[in-house]
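Fit chain B with the ligands to the known structure of chain A by using the hints.
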Amino acid sequence: MKTWVYIDHFKGQVQPGSWEALGLGKSLGAVSAIIFGSGVEAVVKAAFEYGADEVIAADDASLAEYRAEPYASSLSALASSLTPDLILLPTTSRTRELSAMCAVDLNSGVLTDVSAIEVSGETIAATRSIYEGKVLEKAVCSAKPALVTLRARAFPKPALTAGRAGTLTKAEAKADAQSSVEGYSATEAAVNIGDAAVVVSGGRGVSNNPSLGLDEKATAQKGFELLGELAAVLGGAVGASRAAVDAGYIPYSHQVGQTGKVVAPDLYIAAGISGAIQHLVGMRNAKLIVAINKDAEAPIFAAARYGVVGDLFVFVPALTAAMRKKLGK
Amino acid sequence: MKIIACIKQVPDSEAKVKAENGQVTYGDAPLVINPFDEYAVEGALQQKEASGGTVTALCVGPESAKEALKHALAMGADEAILVSDAALENVDSLGAARVLAAAILKIGDADMVMFGRQTLDNGAGVTAPQTARVLGWPMLGLAGQIKVEGGSVIVERVLEEGRQIVKANLPAALSVVQSIGEPRYPSFMGIRKAAKAAIPVWSLADLAMAAPAALVTRAATMNPPARETVCEFITGESPEAIAETLAEKILAEKVL
Ligand SMILES: Cc1cc2nc3c(=O)[nH]c(=O)nc-3n(C[C@H](O)[C@H](O)[C@H](O)COP(=O)(O)OP(=O)(O)OC[C@H]3O[C@@H](n4cnc5c(N)ncnc54)[C@H](O)[C@@H]3O)c2cc1C
Ligand SMILES: Nc1ncnc2c1ncn2[C@@H]1O[C@H](COP(=O)(O)O)[C@@H](O)[C@H]1O
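First to last, the sequence lines map onto chains A and B.
Reading the first sequence from the start, the letters are residues 47 to 375 in the numbering used here.
Reading the second sequence from the start, the letters are residues 104 to 359 in the numbering used here.
Hints listed in this document are in silico derivations from the structure and should not be mistaken for laboratory results.
Note that CB positions come from ideal geometry on N, CA and C, so glycine has one too.
There's no promise every hint is true.
What the hints assert, rightly or not - Quick look at which bits of chain B chain A covers, simulated, 3 or more residues with Cβ under 8 Å:
{"id": "1", "stretch": "191-198"}
{"id": "2", "stretch": "243-254"}
As the list claims (entries may be wrong) - Simulated crosslink set (SDA-like; lysine to any residue; CA at most 25 Å straight-line):
{"id": "3", "chain 1": "A", "residue 1": "Lys333", "chain 2": "B", "residue 2": "Lys119"}
{"id": "4", "chain 1": "B", "residue 1": "Lys352", "chain 2": "A", "residue 2": "Gly274"}
{"id": "5", "chain 1": "A", "residue 1": "Lys184", "chain 2": "B", "residue 2": "Glu170"}
{"id": "6", "chain 1": "A", "residue 1": "Lys372", "chain 2": "B", "residue 2": "Pro342"}
{"id": "7", "chain 1": "B", "residue 1": "Lys357", "chain 2": "A", "residue 2": "Leu334"}
{"id": "8", "chain 1": "A", "residue 1": "Lys333", "chain 2": "B", "residue 2": "Thr338"}
Just chain A, same shape as in the assembly (with noise of 0.2 Å):
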């Protein structure tokens, strides 16, 4: 099996995902990384320390900006030439679109947010969830390279050794962007809590606090900040229920559900959402689920493992300072 992994960054900061890539693609025997951008010597560094026998990289300025276009173009081509069996990318928007538009290229299939792959002889299979996780699916692509997007945090990181190196060799950039980058606008922070072990989301509830005697939108404010402060302490990203990002309290890349992002951390706690199914099925896939919610019929709690039946604004403050303290921190 000829496999390759396709390492995802941003501005030269990886995706996490692309290293559990290169450990699944370790495991089924020797690797290539591709790697694509301007100035990625750190990046190509890092891919021979988590494992890469070989780095294939197109370092040009044309790629200094993702763009899909060249992105899939210069891909298509290294695949055309060099015909791996296999090529593993993390799951982020960026790889949607670089992996669909490359299956076209080279006419094979694409296989995404897959959560695990069997190889048995030539055929890959794959499993991933759909109909929003209600069913899984075992898919098998009959044509060559197989893409797989691997979903974030399914498979295991490999350990770093540092200093380690392999061989590099030198990729041509294709140059054919249809669209230019006009720039970032700055309202929203950078979050990704698809890939966080640890996510604490706030719905409607946080604008619950009339003994602040704050209007809705500060009131919910003062109820994020304070679970911000919970997840600081346990090293995890603050997520959202939609209700809470329709109202404005938070922006939509906070957002988890059917709309927002699927995530499946290691701990989610779920502070003043009710537990739609909209959002059950962006959150069930956590390994342990904390609810706290004032109503004790809540459909919440029959996804929960503990539950807290409590005021969020008077228990997460309790619950920060008891994590504190355990944790040393």
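Same frame as chain A, now just chain B with the ligands:
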């Protein structure tokens, strides 16, 4: 402006979907327009309102999918087209993209094609970039804001790392996300118009194409492992005491 919105029909998200005897079943749950595709229709209607023109809803699916197209018509789309063919029953995303691209070219003169972010059933989020690639058009994914200026479109993309502003020439393919604004409800007039609308059905022969080979096939379906769902409610004298107990329980689970 001629805008096409690609929509799919899926079982409602409240449906109890299960794997049974190797098949996916959902009982008699209602089939609806893929909720993400309502944003595509909404985005298309907003652009029509801004620049004038028409919106065509396009779907590849069985005869029943006319109902999803009617929803788009009721929201305000001007026309709807269904591509339906027995040979497309097990079509994979690449096949669907090739069929959509052929239908988009047959409709002709499109300036923008709008997609949803992903389907509820397949959930891959690949059909839009694949269709764009087949057409050779620029792909602007995960658009939260759209503005047309002259012959180009400027899109604010909602990404993991923040919002990116990207510009491309028309025609272009876009996928639309929630930040575009809540999809409008069908109006009374819209529902009446949709009920009466005749929706043309095109076969593969009408698109002058052969059935695309399925490169990805479903070998098996499984129900996810049953989960421990009994919730243990933590109680105590005070919030501090409850927090203490809960903190111990969380640490004992060794998830941190
Ligand atoms: C097509 C579609 C897609 C959707 N996609 C999503 C999605 O991606 N993500 C998502 O989350 N939702 C989604 N929804 C919306 C979903 O149906 C619910 O409306 C939403 O999840 C409710 O959010 P919530 O739990 O925060 O609010 P509510 O349902 O209003 O619940 C608030 C909860 O907070 C509790 N509470 C109030 N005050 C306090 C307090 N002080 N302390 C503790 N608890 C308190 C209440 O008891 C209540 O249970 C979608 C809906 C549709 C139709
Ligand atoms: N059969 C179809 N007919 C029309 N549009 C589709 C079809 N399948 C997918 N799409 C569009 O492509 C998007 C992504 O689908 P998917 O790649 O299946 O997640 C959807 O949100 C729709 O806009």
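For this session: Hint by hint, work out which the structure violates, then give me just those numbers in ascending order.
Result: 5
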